[in-house]
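Novice: Residue numbers (numbering that gives the first Met the number 0), protein chains in the order written: chain X, 0 to 491; chain A, 0 to 491.
Wrong hints could be hidden among the right ones.
Chain copies aren't distinguished; within one or between two, either way the pair holds.
SDA-like cross-link-like pairs, simulated, lysine to any residue; straight-line CA separation at most 25 Å [what the hints assert, rightly or not]:
(1) Lys442 - Val221
(2) Lys16 - Arg227
(3) Lys442 - Glu242
(4) Lys225 - Cys196
(5) Lys386 - Thr401
(6) Lys442 - Gly207
Just so you know, the hints here were simulated from the structure itself, not pulled from any lab data.
Each chain is listed here by its residues.
There are 2 protein chains.
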Amino acid sequence: MNDAPSQATTIDSAEVKHWHTETDVLIVGGGGAGISAAIDAADAGAKVIVLEAASEAGGSTALAGGLIYMGGGTPTQKACGFDDDIEEMYQYLLQASGPNADIEKVRLYCDRTLEHYDWLTRQGIVFKPEYYPEKHTNTPNEAALMITGNEDAWPDNTHAKPAPRGHKPQIKGDHGGIPLMKNLLRSARAKGVDIICDARALNVIKDGEMVVGVAARIDMQVRYFKARGGVVLTSGGFIMNREMVADYAPRLARGNYPNGNPNDTGDGIRMGLDAGGVGVNMDEGFICTPFYPPKQFVESIIVDETGNRFINEDVYHGRLGSAILDRPEGRYYLIIDSRHFEILSRPPMGGYPVAGTGESIEELEQELNLPQGALINTLTAYNQCAKNAKDPTHHKSPKYLTPLDQPPYAAFDLTVGNGAIFATMTFGGLDTLPTGEVITAEKQCVPGLYAAGRNSAGLPRCAEGYASGMSIGDATFFGRLAGLSAAQRHLD
Amino acid sequence: MNDAPSQATTIDSAEVKHWHTETDVLIVGGGGAGISAAIDAADAGAKVIVLEAASEAGGSTALAGGLIYMGGGTPTQKACGFDDDIEEMYQYLLQASGPNADIEKVRLYCDRTLEHYDWLTRQGIVFKPEYYPEKHTNTPNEAALMITGNEDAWPDNTHAKPAPRGHKPQIKGDHGGIPLMKNLLRSARAKGVDIICDARALNVIKDGEMVVGVAARIDMQVRYFKARGGVVLTSGGFIMNREMVADYAPRLARGNYPNGNPNDTGDGIRMGLDAGGVGVNMDEGFICTPFYPPKQFVESIIVDETGNRFINEDVYHGRLGSAILDRPEGRYYLIIDSRHFEILSRPPMGGYPVAGTGESIEELEQELNLPQGALINTLTAYNQCAKNAKDPTHHKSPKYLTPLDQPPYAAFDLTVGNGAIFATMTFGGLDTLPTGEVITAEKQCVPGLYAAGRNSAGLPRCAEGYASGMSIGDATFFGRLAGLSAAQRHLD
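Using the sequences plus the hints, can you model the full thing?
Specialist: Rendered as structure tokens:
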């Protein structure tokens, strides 16, 4: 269902003449956050209803690669021979979150990462204890474990000891979200959670300051759901709502590939704002241009229109996308030599058109209309770095410092607007405590209202530091806490 | 008065037992926006009260340089021999506002810029028709007119025809905010506006959905002010509220020099959020490192720790500050030769320590611990640009392309945290219509509530595109509209 977004405002409970049904915990949105909330609320003894706008539950999590960011020595890490340490994971995530970090959430997320791993396996999720060692957006085989961020790239590798922390539920290839959500949904249903699909939440219902339910449209009729414990908003981000993107995160509008499902229209965020919550981190989001696979593209150089490199080309694809969007508008090229061109088994994932080719680097420089000598200088310096196995200016790992000295050369176009994929999703949402409680501008809780996943601002805080697995890790973990908080509020 | 920020939540009018007084338009904050609102509300026939938290009105506007961004052929521009065009001003401001631009506000601001100039002169403000042609943060003499942004720097000069548009009320030196506010306050008082100082607004009072007044603390007592037309929030930004900066604009926390007055604690924004408004552009702000004056520093090169230039050194100081904070954390240097050093009449404004000196550029390169050859290459290329009067990579104007070839050399340290000034103020606030009406997440007006100045998100939208004069221009112009709207709501 791709309904128009609701024009939500809160409803006074005194105006509700007939409650359709009552429950302990009412969850808006049946994706990774909502179903995790439902499971832990049900485990705490609460009666739980989930309202899902689409005709099937799963949300954007089901459409995702399914990677979950966990560490500190998970059984999968250990089986693959990796040591990891919760403190290293904490240091990594803290600096990866940038200035907007929610330190309390990062701390709790790391302290409980092994418990969360156990919880996921208890829901039936299997992580095949196999490590995939190459640069990729996801493991192309059934392997669970890979490095999914900038852990081993400069400067992150100077802040914390790298470890692979992306864990994919077992499936061949990219679609780890499917086994993840299948298992979570099966577990939730087995615990008696009632998941109502084609049910679009419209308004939060309040009794004075207290949130007591939600109005939802089902079969073209508005029905009123009462929640004795609380309402948990988990209906996803707002990347599909162009007006909200323009208002809150206009930088993301430059992307051409919104990541998510058609119901990521920010309705839950707007319902929470109407109920007294405030939005934080609203301008931030994921901005990625997938320049790998193929992994050989990591051995390229990436230059701007001055012919200069500006980044270590072994960064996570999100950091490259973010860097290009943060820099002045201009032309960007990925340059390889024949050795890398010939081993291409398929066109690059990023959808980059060929911008030019040259029998020599001089010819390519001319064809790309770069300042005379600029590309030649850059390449000469780079090949010297490769020879020295040291990149003093941009700190690319020696592992990927291969000379580009086998003409002919080719350049792919990474310029925004020329066809390259710049994928985006939102990282902003309601301000919440780690318990999921929605708070006002005055840091007071809105009684009865909780949020998790991308209806809240959680672990993922900036494009530059993002790693695959942070979103689903955050959604499932803090979803659980929000569900539990709502259940306990009723039962206490 | 530097009170702790209030813990505002809205008050139900039914709870108000005694109204201290009634008025048509109640304005919270007596700075540039508030007093402009008061003048136009009074001119429309409304009874106006202004509540000012400090012991004197004036706000941050009174502390500022006083520049006002106006163009399209103002009498001052014409007297100084400058042609300007409203369309050129519009194009400039539109791209200077970046992706977050409020197009409607930019359009209206430009269309009425000549009318606003007239209005200011009618309040008694004098602009001495003299042009100051050098790079500076303000005119050091009594001259009114100067270029205050990136109008003549690349790439802005490719988008619109440059013109000087900063207008300073007449005074010798930097303190144009003083004659500006003196005149506005004199005008407001002459029109019968009642300005109550030492009055801290605490809460918005609502009757149902409608804003009907404000509770304020005066002489340690809470008093209730009723507003028949509307409440106008104009109490400034939140740069002095470290918690709000951390929540909403954490990047600004890296600055070391908050621009504003101690009452810039965001109280008005929080009162508006409590009353149903939403914050937009909350992460953005001014980030400036004043590398000029002296004007000769524009003839420097500015390099990062790779020894490379990254910007045209003739940009506005705000764009340099923003660029450094947007780039990876690292070291930044401003490099001059003996010719520029010797003409220094005073230490650089930016508070930059000397990072190194060298009899040769090689020696300086070593002293700064830059990669071998990097600075030499950069300087060789730059001096070639100077010889050619063309900078193909960074597009610095030939006007400032002077070779740096007279050793000894010196480097000033522009690194964040090493003493360089990085001044900050906030650009985020309540979402408003150009009329000043505060709107909700659902784009519905909050009846009776208006905002302007830095309680709203207005013309200034991003550090990179900011020009001096945009803030006061925005505050005074949209302040007027907000005051008029509130007055008309009552009188209609």
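Novice: Hint by hint, say whether it matches the structure.
Specialist: Evaluated hints:
For the homomeric pair Lys442 and Val221, the shortest alpha-carbon distance between copies (22 Å) is at most 25 Å, but the shortest distance inside one copy (32 Å) is not. When the C-alpha separation of Lys16 and Arg227 is checked against a cutoff of 25 Å, the pair qualifies only within one copy, where the shortest distance is 17 Å, while the shortest distance between copies is 34 Å. With identical chains, the CA atoms of Lys442 and Glu242 are at most 25 Å apart between copies only, with a shortest distance of 11 Å across copies and 27 Å within one. For the identical chains of this complex, Lys225 and Cys196 are intra-copy neighbours only, at 17 Å inside a copy versus 48 Å across copies, given an alpha-carbon limit of 25 Å.
In this assembly of identical chains, Lys386 and Thr401 lie within 25 Å of each other by CA distance solely inside one copy; the values are 8 Å within and 36 Å between copies. Proximity of Lys442 and Gly207 under a CA criterion of 25 Å is satisfied in both settings, with 18 Å inside one chain copy and 23 Å between copies.
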